[in-house]
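Work out the full structure: start from the sequences and follow the hints.
Chains as they are written, first to last, in the numbering used here: chain G, 756 to 1035; chain C, 250 to 364.
FYI, nobody ran anything at the bench for these hints, they're computed from the structure.
Honestly, I wouldn't trust all of these hints.
[Claimed, not checked] Just the calculated beta-carbon pair ranges, DEER-fashion:
hint, chain 1, residue 1, chain 2, residue 2, range
1, G, R874, C, K275, 36 to 44 angstroms
2, G, R833, C, S350, 40 to 48 angstroms
3, C, D335, G, S1009, 34 to 42 angstroms
4, G, K894, C, M311, 37 to 45 angstroms
5, C, A295, G, E758, 26 to 34 angstroms
6, C, A295, G, P783, 42 to 50 angstroms
7, G, K835, C, S350, 34 to 42 angstroms
8, G, R833, C, D335, 27 to 35 angstroms
9, G, D793, C, D335, 30 to 38 angstroms
[Claimed, not checked] To give an idea of the chain C side of the interface with chain G (calculated C-beta under 8 angstroms), a few residues:
hint, residue
10, T259
11, P260
12, L261
13, D263
14, L280
15, I287
16, A288
17, N324
18, L325
19, I340
20, A347
21, F354
22, R358
23, G360
By construction, the Cβ of each residue, glycine as well, lies at the ideal position given by its N, Cα and C atoms.
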Amino acid sequence: MAEIIGGIGTSHVPSIGVALDKGLDQTPVWKPFFDGYDYTKEWIAEHKPDVAVVVFNDHGNAMFLDRVPTFTVGVADRYKPADEGWGPRDIPDFIGAEDMSWHFADKLVENHFDPMIAREITVDHGLQVPMELCFGRPKDCWPVTILPIWVNTVQYPIPTPQRCWDMGKILRDAIESFPGDERVVILGTGGLSHQLQGARAGFLNEAADRDWLSTIARDPDKWRSMRREDYVEKFGSEGAELIMWLVMRGAMNSDVTVKHTHYHLPASMTGAGCIVLENT
Amino acid sequence: MSNNTPIAQTPLFDRKASIRGYKLNKMAMSLGEAPNRIAFLADEEAFLDSYGLDDETKTAVMSRNWHEMVRLGGNLFFILKISAVDPTPIIAIGAAQAGMSVEDFMVQRLGKKNG
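Following this line, the structure appears as structure tokens:
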């Protein structure tokens, strides 16, 4: 059976991708941010996953407002990086873990989740940036296949934190019942605090971000029972993306070991950070 | 969840905003395709007209009034594609909505050191 080797929570700020495209990652502004991912990359190199499950939201690139699925599972054999208005980025296509994706879709529906199932869809910075932060920038092909999960965090109503957590439980069952010996890492992405819209634009909350990073491992109940309104108030309107980390956290043991945390403020207009967890 | 318990200065992209901003967001999303960017740059007003934008929304787009675009139902993730064509840095968009100069915004909101 396939195996979960760890969970990673990380920001997916688009400016991180731009900084890599422009070769700015070693400049004084960006170096402290990127240095915090050295361990994450080493951990990946040491643990050699075969599949990355990436939980993220589309940012008006692959999905319009004509239909807004609360959850989407990708079952494609290949995903092209989205053009977000700046032109195509020079990164390889992502290869889909098709069989595991379909198995996950089966398990979700059996367990009364009703996702959209997507066969032809691009992936935007929400997936690209976490992959680059964990796996570097390969020339030709990524070292893992991907199982993408999109969560609607753009148009309200967005799902509840508890629902994201519950999806994580089914994700775990799906991976552990998948006939294969794949090593799977789960990336929960988004956040931390940021707000891009309205007169409160630029809102950051370092105290809340640090509280999140220091308690998501040992006390996730506090976060999964919190109301969406409270996420918006505490982390900003776009900071509510943090609910997507709960899919990853819900898929892990209740007892986990924190291998690494990193926090940097600000990356562009966002409190940015990373955590690496292993099941205890 | 709706705006029953509004959070100050924090517009949620809910039913009302999504309906109000539908055409604006649709126009903006189309800029993810290169031919549409060329058409937008060649004749912006004609491009906006082809998406049926009303005068108020057209004025907001053509004057790059980001606060107004959001008030009219624009969602930042869509309208950022307008900023990509310009290009306008996202920090300038944040500062405009906060009603601050970019410099003040960097210091007061983003905690950057002065100078």
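Evaluation of the provided hints:
About 23 angstroms separates the C-beta atoms of G:R874 and C:K275, a value inconsistent with the hinted range of 36 to 44 angstroms. Checking the proposed 40 to 48 angstroms range against G:R833 and C:S350 shows it holds: the Cβ atoms sit about 45 angstroms from each other. Between C:D335 and G:S1009 the CB atoms are about 48 angstroms apart, so this pair departs from the stated range of 34 to 42 angstroms. Restraint check, G:K894 to C:M311: a C-beta distance of roughly 42 angstroms satisfies the suggested window 37 to 45 angstroms.
The hint said 26 to 34 angstroms for the Cβ distance between C:A295 and G:E758, and at roughly 57 angstroms that hint is violated. A beta carbon spacing of about 44 angstroms between C:A295 and G:P783 agrees with the range 42 to 50 angstroms that was offered as a hint. At about 39 angstroms, the CB distance of G:K835 to C:S350 agrees with the hint of 34 to 42 angstroms. Range check, G:R833 to C:D335: about 32 angstroms between beta-carbon atoms, so the 27 to 35 angstroms window is met.
The beta-carbon spacing between G:D793 and C:D335, approximately 35 angstroms, falls within the hinted interval of 30 to 38 angstroms. At about 5 angstroms, the closest approach between the beta carbon of C:T259 and any beta carbon in chain G falls short of 8 angstroms, and the interface hint on this residue holds. This hint holds: C:P260 has a C-beta 5 angstroms from the nearest C-beta of chain G, less than the 8 angstroms allowed. At a threshold of 8 angstroms, the smallest CB-CB gap from C:L261 to chain G is about 5 angstroms, leaving the interface hint in force.
Residue-level restraint check for C:D263 holds (minimum Cβ-Cβ distance to chain G is 4 angstroms; threshold 8 angstroms). At its closest, the beta carbon of C:L280 sits 5 angstroms from a beta carbon of chain G; the interface hint therefore holds under the 8 angstroms criterion. Using the Cβ-Cβ criterion of 8 angstroms, the hint placing C:I287 at the interface with chain G is not satisfied: the shortest such distance is roughly 12 angstroms. For C:A288, the shortest C-beta to C-beta distance to chain G is roughly 14 angstroms, which exceeds 8 angstroms, and the interface hint is violated.
Interface restraint check: C:N324 against chain G, minimum CB-CB distance 6 angstroms, threshold 8 angstroms, status holds. Because the beta carbon of C:L325 sits about 4 angstroms from the nearest beta carbon in chain G, less than 8 angstroms, this interface hint is met. Look at C:I340: its Cβ gets to within about 6 angstroms of chain G, closer than 8 angstroms, so that hint holds up. At its closest, the beta carbon of C:A347 sits 5 angstroms from a beta carbon of chain G; the interface hint therefore holds under the 8 angstroms criterion.
Restraint check, C:F354 versus chain G: the minimum CB separation of about 6 angstroms is within 8 angstroms; hint holds. Evaluation of the C:R358 hint against chain G yields a held restraint, the C-beta minimum of about 3 angstroms falling below 8 angstroms. Against a cut-off of 8 angstroms between C-beta atoms, the interface hint on C:G360 holds, since the closest Cβ of chain G lies about 7 angstroms away.
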